[in-house]
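Peer 1: Whenever a hint applies, use it, and build me the whole structure from the sequences.
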Amino acid sequence: MNLNIARPVFRFAPSPNGRLHLGHALSALENQRRAHAADGRLLLRIEDIDRARCTPELEAQIIDDLAWLGIDFDGPVFRQSAHFADYQAMLLSLIDRGLAYPAFMTRGAVKRHVAEHEEQGKTWPRDPDGAPHYPGDDRSLSLEERWERLESGVRHAWRLDMAAAIEAVGKPLFWLEDTDDGIVETPADPGAWGDIVLSRSDAPSSYHLSVVTDDAAQHVTHVVRGMDLYHATSVHRLLQELLGLPTPVYHHHRLILGADGCKLSKSNQDTALEELRAKGVSPADIRVMCGF
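What the sequence shown shows, in our numbering, is residues 2 to 293, in sequence order.
Since the hints were made in silico from the structure, they are not lab data.
Treat each hint with caution, since some may be false.
Claimed, not checked - Label pairs and their calculated CB-CB ranges:
(1) P173 x R8: 26 to 34 angstroms
(2) H37 x R108: 39 to 47 angstroms
(3) D182 x F293: 18 to 26 angstroms
(4) Q89 x H220: 20 to 28 angstroms
(5) D286 x R108: 39 to 47 angstroms
(6) F85 x R8: 25 to 33 angstroms
(7) D182 x R8: 24 to 32 angstroms
This structure is a prediction, so every number in the text was calculated from the model and none was measured.
Backbone N, C-alpha and C fix where the C-beta goes; we use that ideal spot for every residue, glycine too.
Peer 2: This is how it looks when you write it as structure tokens:
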């Protein structure tokens with residue numbers, strides 16, 4: 002691991018495809034608390050890769066909500082939409098090494114393929130989020146077949162050949178998790194995710210590829226985010242190792258759950274900060290609601 006903590010750097014990275022809710026407030030406040038305690042810097046990253054859903058209006062609302070909460074950031078806002086070339090360079094490096102392949106099956110085709118398999122009483126591997134692994138059909142195509150399809154203009158995604166990637170690293174991976182009991186060395190299991198998406202025809206990069214690229218570009222040393230991304234850290238460690246990127250220390254904080262026991266989503270209007278502000282809730286109230 003290449004870890005430099007001479008000047009701690011934290012980041013909060015919302016996506017402007019909806020309004021901030023209490024869960025985002027918890028994450029932003031926890032980042033602020035830890036950055037202040039470490040005498041570090043706190044950066045704001047806008048994860049706006051999805052140009053169809055992310056809008057300037059939602060970004061402006063996010064920045065306004067964060068200012069209202071009393072969260073100050075260091076340096077200029079980092080927007081992913083200004084760094085598409087960086088993600089493309091990372092993708093091409095994996096393609097050139099034979100670690101990524103074009104995937105032509107649509108989501109519907111994958112769903113049908115898995116359903117047919119399971120109807121025969123067989124199990125199909127699923128990732129930690131419950132999504133089925135991508136079938137291996139495209140991975141086994143010859144180079145000639147791949148390029149014929151690419152040249153024909155068939156829509157496709159690029160996926161990581163997980164088995165080849167793990168073999169290329171050639172050693173067990175781990176990350177450093179900052180817990181209440183101190184720093185814990187945590188084993189990574191990227192294989193549990195199958196052949197992850199690196200980019201799609203409608204998006205120049207996946208979350209996994211962009212987040213490790215951005216953390217390196219912003220010299221982030223401490224990643225503070227929700228427990229819903231705990232298992233994804235295994236994928237990020239693999240990509241960091243493959244791409245020669247530094248590894249931050251991680252802390253995965255508790256989640257605020259809704260009445261249904263699930264984590265909050267941007268469709269939960271009653272927990273949106275904009276809605277709560279309109280009802281007269283104060284920043285101090287939000288801190289209490291988030292457990293601070």
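Peer 1: Can you tell me whether the CB distance of H37 to R108 sits inside 39 to 47 angstroms?
Peer 2: holds, 43 angstroms
Peer 1: Can you tell me whether the CB distance of P173 to R8 sits inside 26 to 34 angstroms?
Peer 2: At 30 angstroms between Cβs, range holds.
Peer 1: Taking the Cβ atom of F85 and the Cβ atom of R8, is their distance within the range 25 to 33 angstroms?
Peer 2: Holds: the Cβ-Cβ distance is about 28 angstroms, inside 25 to 33 angstroms.
Peer 1: Against the range 39 to 47 angstroms, how does the distance between the Cβ atoms of D286 and R108 compare: consistent or not?
Peer 2: holds, 41 angstroms
Peer 1: For D182 and F293, compare the CB-CB distance with the range 18 to 26 angstroms and indicate the outcome.
Peer 2: With Cβ atoms ~21 angstroms apart, the hint holds.
Peer 1: Note whether the CB distance of D182 and R8 lies within 24 to 32 angstroms or breaks it.
Peer 2: holds, 25 angstroms
Peer 1: Do the beta carbons of Q89 and H220 sit within 20 to 28 angstroms of each other?
Peer 2: Cβ of Q89 to Cβ of H220: about 21 angstroms, so the range 20 to 28 angstroms holds.
Comparing the model with each earlier hint shows no violations; every hint is respected.
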